[in-house]
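Listed below are the residues making up each chain.
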Amino acid sequence: MIGQERCEAVLNKSLSLSRAEDTEVYLSVQDQGLTRFASNVIHQNVSHSNAQLHIRAVAGRRQGRATTNDLSDEGIERAVERAHQNALLMPADPDFKGLPGVKDMPQQVPAHDEATASCSPEARARVVAVVCRKAEAEGLNASGACRTGTHETAVMSTQGARAYHAGTFAGLINTLMSDTSAGWSKGSSWRISDIDAESLADEAVSKALRGRDPRPIEPGKYTVVLDPYAVDDILSALSLYGMGAHIVQEGRSWMNGLIGKRAMSPLVSIWDDGSDSEGWPVPFDAEGVPCQRVDIVKEGVVGDPVHNSYTAGKEGKASTGHQTSFSNWGTVGPMATNLFMGNGDSTLEGMIGSTQRGLYITRFFYTRLVHSRGCMMTGMTRDGVFLIENGELSHPVKNLRFTQSYVEALVEVEVVGNQRKLIMNESGFATVVPALKLTAFNFTGVTV
Amino acid sequence: MDELVARALDLARARGAGYADIRVVRTDQERFSVRNGVVDIISMDESIGFGVRVLVDGSWGFASSHDLTLSEIDRVASLAVQVAKASASLSKEPVGLGSPVTSRGTYTTPIQVDPFTISAEQKLQLLMEADKQMAVVAGIRSRQGSLVFIKETKTFASSEGAHVEQTIYESGGGIQATAVGHNEVQRRSYPQSQGRQQGCAGWEYIAGMDLAGNAERVASEAVSLLTADPCPSDIVATVVIGGSQLALQVHESCGHAIELDRVLGAEAAYAGTSFLTPDKLNSFRYGSPYVNITADSLRLPGLGTFGWDDEGVPARSMPIVKNGEFVGYLMSRETASLLGLTSNGCMRASSWNRIPLIRMTNVSLEPGTWKFEDLIADTEEGIYMEMNRSWSIDDKRYNFQFGTEIGYEIKKGKLGGMLRNCTYTGITPDFWNSCDAICNEAHWEMWGTPNCGKGQPGQLAHTGHGAAPARFRNVRVGVLR
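Chains P and B are the protein sequences, given in the same order.
Residues in the first sequence are numbered consecutively from 6, following the numbering used here.
Residues in the second sequence are numbered consecutively from 6, following the numbering used here.
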């Protein structure tokens, strides 16, 4: 961490050096330690620090960008000048309405934990040791990663944006394997004390032991009970392939034609909220606009996509505060990155107990868009799939390939879990999701 | 710079490292994007920093920083040793690296025209012209063209005495047209999907693409696809797969499967493992006798072309699959020594703040003997599929499913009607053993994959894959429901 004072000094320096009509500067600072393990030993262990300064210079309806991680006066001046020169090269963009005028300061949200910020490599090794020892005791092979770190984001602009946020992150991922099976668990939080290595290890051990000697099963439509890890994949894909207004405006989103209509089960509500501490909060976006709560789906009815100032300007609306900082190729569009799904009233055991015949699935892997309409996806199951018969886990089955519209999958929601899990990924994306029971899910192949 | 490098290595050794290396990397990148006639990105980005990797008591540690000062060098070298000591607290066998590597020298990507000397105006003009040609076609909803240029200068030095300096250039570009119809969205790309074709090359690579000359065709195909017949549903058929799609097939089903770190479990929790276990080396029929796959880090303009890898091991060419037999892995010094072999130079880091991992170099399907026209004429019935639209493969690299942007019927030895939403699926060795014809050198091209994800923290590697169209029998196609 470099602290609020140093962040603001860098941003003030950047603005003072700019010759552009308007300038926006965004600083992202990250320190991360990550301890990786495989075959019950630590095999990779890293620590890194970086600070990335993003400059956006405006000349009328033209904008140019530059980034640098050289925060010396010379480095800042070079980047500021490049951004300005780039803006002058641009033809005018009639849809660009200028930098957003930011009047409201974002509310501070608790997201920083000193114990997490100061977590040492030795402390991470102790967390990993808990998992590896449990694996060895059961004759299993443990792999995974434990990461901790801090991130700071700060924005200033000549149109009034001025925001600073400091947060922390911690995570533990475990894959425990036998010769024929694997079990998975993942814990995420912005507080290291929330990461319970013992229970996460037990969760993965249980699935690895129970999953031994899986049997093949015929592909086809099955009722499924999905762990929150699998539900996280569904929400992540729906975000990536359609919750941003730029995708909707180009007609490529699963939301096209569905806005205002009931398109999913009334049990399904999905919203984005960057200021909710139950998630991984960052209360403002890369334009310094406070993040608004946006209802993407409310009781099955599709709401609105998320906006940045550009997409909002095209529709005469206000930005919802969803400009991302990490879309570094193509148009930098808005994204929903703090997603929540409403919970229900059933336990996981209750979902399995109410299923005559179906599959209990831990997570999905390598999922990719096959067709944008309906968010048609393909991917594999991984790290624990079990046949449910007469309300009980009957036996493990081999991994299956699915080809399934995620929108149609959420039409099939029959039961929603009463507990939600926070799942954070490396790129700053987080979901808070329950387990789900779906009446039907389409499997199209089985692996060897 | 030499002072910083020497100080890091000396300090790491003094703090207890048995081995240490340092990479100092500066990356300059230019990006240009034109969308629907509007320039939406001109960006010039730079990143500089260093990473120190050490072995202490046989365990790895790594630390990095963007701050190239003497005090930060000291902090980071000391932190790398501290991290390695923490690794040693949960270790078994000490890491071995085999024989010392003492490479010295310099390497620069051979280019004709430095892309950073071409004006931004000229680059934008090229994209605007292509955009104009796509806009001629009625029914296109969105158009995009983009260019990227990268210059990476890298110093690698180790406590064994290696010291190499490299400058790697990359140039990439492409166009995409998207058409939207009733409940249908179709996209066509040129020269490659996923945004661009990219190679280790200069401006001449972009100039040779003729983006504007292909723009109208690409846009017309996107519109035609809206009303084309759908791919036949869930049938077993003969397929001819075009070079750019086959390049990704090689990447996913061979390139990742032969990474020895993932074979040995290093990626088990993330990207997965591999079915190509060490017992299969030199004793497994990966494909039909027509299938020859080579890993070659000397083969321009492949994105996996360099002078030395990030352990200082020289670039080279080696067979991976020879007449269908599996004969080679991609290796690091550590993993090679575990099999009693020598590294073949495949360790690369995506940036100064990432450790080197085993990454594909240019893993290519070698050309066969067929002319494309003859191959089609020899195919009584089947489907020709080209250019990737979606890809997915399981964690052992067995079960895959790909979708392509475009397809055509093959009937009685001739290409017929256009097909939309083509997909095919299979099991890797079954698929490659069903290959009975590969097109010749004239149809072979080196394709770039600049977005290969691996590792935690995540790394995006740039890899190359040469391929020509090839024919496969008894493939399951049309899996949409």
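Hints listed in this document are in silico derivations from the structure and should not be mistaken for laboratory results.
This one's a predicted model, so the numbers in the text were calculated from it and none came from an experiment.
C-beta: ideal position from N, C-alpha, C; glycine also.
Possibly wrong hints are sitting among the right ones.
Stretches of chain B that chain P covers, calculated by requiring three or more beta carbons in the stretch to come under 8 Å of a beta carbon on chain P [as the list claims (entries may be wrong)]:
hint : region
1    : 60-71
2    : 75-89
3    : 340-347
4    : 403-412
5    : 423-430
6    : 439-450
7    : 468-475
The calculated label-pair distances, taken between Cβ atoms and stated as ranges, are [claimed, not checked]:
hint : chain 1 : residue 1 : chain 2 : residue 2 : range
8    : B       : P99       : P       : P224      : 25 to 35 Å
9    : P       : P96       : B       : G144      : 20 to 30 Å
10   : P       : K303      : B       : P115      : 52 to 62 Å
With a Cβ-Cβ cutoff of 8 Å, does the region 439-450 of chain B contain at least three residues near chain P? This one is violated; 0 residues, fewer than the three required, reach chain P with a Cβ under 8 Å.
Do three or more residues from the region 340-347 of chain B put their C-beta atoms closer than 8 Å to C-beta atoms of chain P? With 0 residues in contact (Cβ-Cβ under 8 Å with chain P), the coverage given for the region 340-347 of chain B is violated.
Range hint compliance [Cβ, K303 (chain P) to P115 (chain B), 52 to 62 Å]: holds (59 Å)
Under a C-beta cut-off of less than 8 Å, do 3 or more residues of the region 60-71 of chain B approach chain P closely enough to confirm the stated coverage? As far as the region 60-71 of chain B goes, the hint holds, because 8 residues have Cβ atoms under 8 Å from chain P.
Against the range 25 to 35 Å, how does the distance between the Cβ atoms of P99 (chain B) and P224 (chain P) compare: consistent or not? Violated, at about 46 Å.
Please check whether P96 (chain P) and G144 (chain B) have a Cβ separation lying inside 20 to 30 Å. The hinted range 20 to 30 Å holds for P96 (chain P) and G144 (chain B), with Cβ atoms some 25 Å apart.
Given that the region 468-475 of chain B was listed as covered by chain P, double-check it with a C-beta distance under 8 Å for 3 or more residues. The restraint on the region 468-475 of chain B is violated, since only 0 of its residues have a Cβ under 8 Å from chain P and three are required.
Is the coverage entry for the region 75-89 of chain B by chain P consistent with the three-residue Cβ rule at 8 Å? holds (count 5)
How about the region 423-430 of chain B: do at least three of its residues have a C-beta closer than 8 Å to a C-beta of chain P? holds (count 3)
Three residues minimum, CB to CB under 8 Å: does the region 403-412 of chain B make the cut for coverage by chain P? Let me know. holds (count 4)
Of the hints listed earlier, those the structure fails to meet are numbers 3, 6, 7 and 8, in rising order.
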